[in-house]
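Colleague: Work the whole structure out from these sequences, hints included.
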Amino acid sequence: MREPVVIAGCGVISAVGCGLESLRVALRENSSGLRPLEKFNPPRFQSNLVGAVPDSFINIENPAWSLANEALQQACAAAQKILSPIPATRIGLVLSTTKANITTLERLAENQPGSETARRHLQADLLAADFATAHGASGPVQTISLACVSGLTAISQGAKLIQRGDADAVLVVGVDALSAFVVAGFTALKAIDPLGCRPFDAARCGLSPGEAGAAMVLVRADFATGDRIKIGGFGSSNDANHLTGPSRDGSGLAQAIRGALTAAKLLPHDVDYVHAHGTGTSYNDAMESLALRTIFGDEGPPVSGSKGMLGHTLGAAGVIEAIICVLAMSGNFLPGTPRLETAAEGTPKNLVREPRFEVQLKNVLKLNTGFGGMNGALILQKL
Amino acid sequence: MTEADLADARLGQRFGRLDLSSRLALLAVAALKINFDEFARDRIGICLAASAGSLTTDVNFWQGRNGIGGPSPTLFAYTLPSAAVGEIAIHFKLTGPNLCFVGAEKIIVPEAMDLIRRGEADGCVCVFCDVISAELAEIISLPPIATARACFLQRVRD
Numbered sequence: 001m002r003e004p005v006v007i008a009g010c011g012v013i014s015a016v017g018c019g020l021e022s023l024r025v026a027l028r029e030n031s032s033g034l035r036p037l038e039k040f041n042p043p044r045f046q047s048n049l050v051g052a053v054p055d056s057f058i059n060i061e062n063p064a065w066s067l068a069n070e071a072l073q074q075a076c077a078a079a080q081k082i083l084s085p086i087p088a089t090r091i092g093l094v095l096s097t098t099k100a101n102i103t104t105l106e107r108l109a110e111n112q113p114g115s116e117t118a119r120r121h122l123q124a125d126l127l128a129a130d131f132a133t134a135h136g137a138s139g140p141v142q143t144i145s146l147a148c149v150s151g152l153t154a155i156s157q158g159a160k161l162i163q164r165g166d167a168d169a170v171l172v173v174g175v176d177a178l179s180a181f182v183v184a185g186f187t188a189l190k191a192i193d194p195l196g197c198r199p200f201d202a203a204r205c206g207l208s209p210g211e212a213g214a215a216m217v218l219v220r221a222d223f224a225t226g227d228r229i230k231i232g233g234f235g236s237s238n239d240a241n242h243l244t245g246p247s248r249d250g251s252g253l254a255q256a257i258r259g260a261l262t263a264a265k266l267l268p269h270d271v272d273y274v275h276a277h278g279t280g281t282s283y284n285d286a287m288e289s290l291a292l293r294t295i296f297g298d299e300g301p302p303v304s305g306s307k308g309m310l311g312h313t314l315g316a317a318g319v320i321e322a323i324i325c326v327l328a329m330s331g332n333f334l335p336g337t338p339r340l341e342t343a344a345e346g347t348p349k350n351l352v353r354e355p356r357f358e359v360q361l362k363n364v365l366k367l368n369t370g371f372g373g374m375n376g377a378l379i380l381q382k383l
Numbered sequence: 001m002t003e004a005d006l007a008d009a010r011l012g013q014r015f016g017r018l019d020l021s022s023r024l025a026l027l028a029v030a031a032l033k034i035n036f037d038e039f040a041r042d043r044i045g046i047c048l049a050a051s052a053g054s055l056t057t058d059v060n061f062w063q064g065r066n067g068i069g070g071p072s073p074t075l076f077a078y079t080l081p082s083a084a085v086g087e088i089a090i091h092f093k094l095t096g097p098n099l100c101f102v103g104a105e106k107i108i109v110p111e112a113m114d115l116i117r118r119g120e121a122d123g124c125v126c127v128f129c130d131v132i133s134a135e136l137a138e139i140i141s142l143p144p145i146a147t148a149r150a151c152f153l154q155r156v157r158d
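Listed in order, the protein sequences are those of chains A and B.
Residues in the first sequence are numbered from 1 upward in steps of one, following the numbering used here.
Residues in the second sequence are numbered from 1 upward in steps of one, following the numbering used here.
To be clear, the hints were calculated from the coordinates, so they are not data collected in a lab.
We treat Cβ as the ideally placed atom computed from N, Cα and C, and that holds for glycine.
Watch out, some of these pointers could steer you wrong.
[To be verified] Example chain B residues on the side facing chain A (calculated, C-beta under 10 Å, incomplete):
| hint | residue |
| --- | --- |
| 1 | A50 |
| 2 | S51 |
| 3 | S54 |
| 4 | D58 |
| 5 | W62 |
| 6 | G69 |
| 7 | G70 |
| 8 | F76 |
| 9 | P81 |
| 10 | V85 |
| 11 | K93 |
| 12 | L99 |
| 13 | E120 |
| 14 | A137 |
| 15 | I139 |
| 16 | I140 |
[Unchecked claim] Away from chain A, derived, C-beta distances all over 12 Å, residues of chain B:
| hint | residue |
| --- | --- |
| 17 | I34 |
| 18 | P143 |
| 19 | V156 |
Modeller: So, in C-alpha cells, the structure goes:
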C-alpha cells in the first residue's frame, strides 16, 4: 500500500491576477484574463490577445524566475505549519517548464544586456536548482520538460518522490513566461485564434498564448490534517502518431485516462468532473472529446476548460489547472468554460459553460496533451 | 552516437528533417536493435534526459526569426526537449508512458526502473542527449558537444 500524498498549499500568478483568491473569483465569475498586448501586434504575430500577467509583477530580464518565485512563496506560506518541522534535506522540488527563461535568448539576439543569473536561467535545471536553494529544499530536485504535459507529470513525479521515501515534502512549480519566441512559433504554425481561445466552440480556430507561475506543496498524508486532497493516480501515454498533431481517434489520451483510473482504483462512473486540456485548436478539442466518449460513453461527467480564461500557459498549465480542480473541490463548484459560446458538434454533452454551485466533487480527472504525442491524466481525490 | 554516425544514417524519410538531438537519440535507440515486436507497445515507456534541454535548436529557431516568412514552423516543434521522445515514439510505435528531464544523465535509469517497478511499463527505453552547438556554447559557457546514448530496461521474465 503506497502512502497517500496530499496537497498542503498552493500558489498562483496568472492573467487573472496574483494569488489564489484572484483565481477563485475569476472562476466563480467565469471571466477571461485575455487582453491585447502591443508587443504581439500583427502582422508579425497572429494575434496580440494573450493571457498576460500584469507588468508590475514581472522582472523583464528574468520573467520565469519572478513568476515561479511568487507562486512558490504563496504555496510555501500556505503550507508553512506543515513544512516547518520537515528537515530541508527531506524537502524536494520538481520544476515544470517548457522554455525556462527563453527571453534571455531574445535579448542576447538583440544585443541587449543580460545578467549572469538571467543567462544561467536559460538552463531549466539550473533554474530549478536556484528555486530549491531559495525555498529551502535541499532534497531531490528534478526538472520536467514534457511539452504541455509537463505540469501533470511534475505533480506525479513529486508524489512518486514522496512515495519512494526520497522526500517527505515536494515543492512542485510550473512556469512559462510569454515570449516573442513562443508567440512567433505558434504564429508560424498558424495555431493562434485571432479572436482569442474558445475551447470546444464551434468557431474555435486556435489557442491563445499565456503565462503563469503555479506551485503546490505535496506532503505525505500523515503530515497534514483537516480536509485533504490527495494525488489519486496518474496515467501517461504517447500517440506515436505525429509530432505536432494529436491522434484523430483519441486512443492515446483514452489510454492515459485508463492508466490514471487504474492507479486510483476507480471506475469511469466514479469520476465527478473532468477538467479538460481544451486548447481551442480544432483537432485537439475534437480528439479530447473522442477520448472522453471512449471512456465515459455519451453521458459522461461534467467537463470544462480554462484556457479561455488564462491562455495556454504551457509548462505552468498542468499545475495551475490542477489548482483550479483543487479550488473547485474545496469550494464545491464546477468551473465554467470562459469564451465558449456555441458548443461544437461532437463535444462532450455535459460541457459546463457557466459555473455551477453547490456541487460535491470527490474524484476529479485533469487532462493535458502536448506536442510529441504526449498525453497525461491525473486523478485528484478528496480523502 | 555522435554527429559522425549521422552521415550514413537512414531511418526513414523524415529522418533528415529532425533536429540534431532527435536524430542522435533515434540513432542511439536504433543501435540497441531491440525487437519491439516482442512487447506490447503500450507497455514500453521512454525516459529521456537532455543536458541542455533544447537550447541548441532554440538558438537555430530564433536565428531564423527575420527570414522571409519568419521562423520555421517545423523547427519550432523541436524547441522542446521532449521532441526527441516524440520522434522515438513515432518511429518505433511506442505508446507507453513518457518522462523527459532537463539535466544530468544519472536520473534516467532510476526513474525508468521506477516506471517498471510500479507496473506502469514492462520495459523502458532510456536515452541521454548531450547536444551543445558552438553558438550555444558561447552563451552558456559549456564546451560544444553532440552525443546521445541509449539503453533498454525490461522487467525480468519468469
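Colleague: Determine for every hint whether it applies to the structure shown.
Modeller: Hints, verified against the model:
no.	hint	result
1	A50	holds, 8 Å
2	S51	holds, 8 Å
3	S54	holds, 8 Å
4	D58	holds, 6 Å
5	W62	holds, 6 Å
6	G69	holds, 8 Å
7	G70	holds, 6 Å
8	F76	holds, 4 Å
9	P81	holds, 5 Å
10	V85	holds, 6 Å
11	K93	holds, 5 Å
12	L99	holds, 7 Å
13	E120	holds, 7 Å
14	A137	violated, 13 Å
15	I139	holds, 6 Å
16	I140	holds, 6 Å
17	I34	holds, 15 Å
18	P143	holds, 14 Å
19	V156	holds, 20 Å
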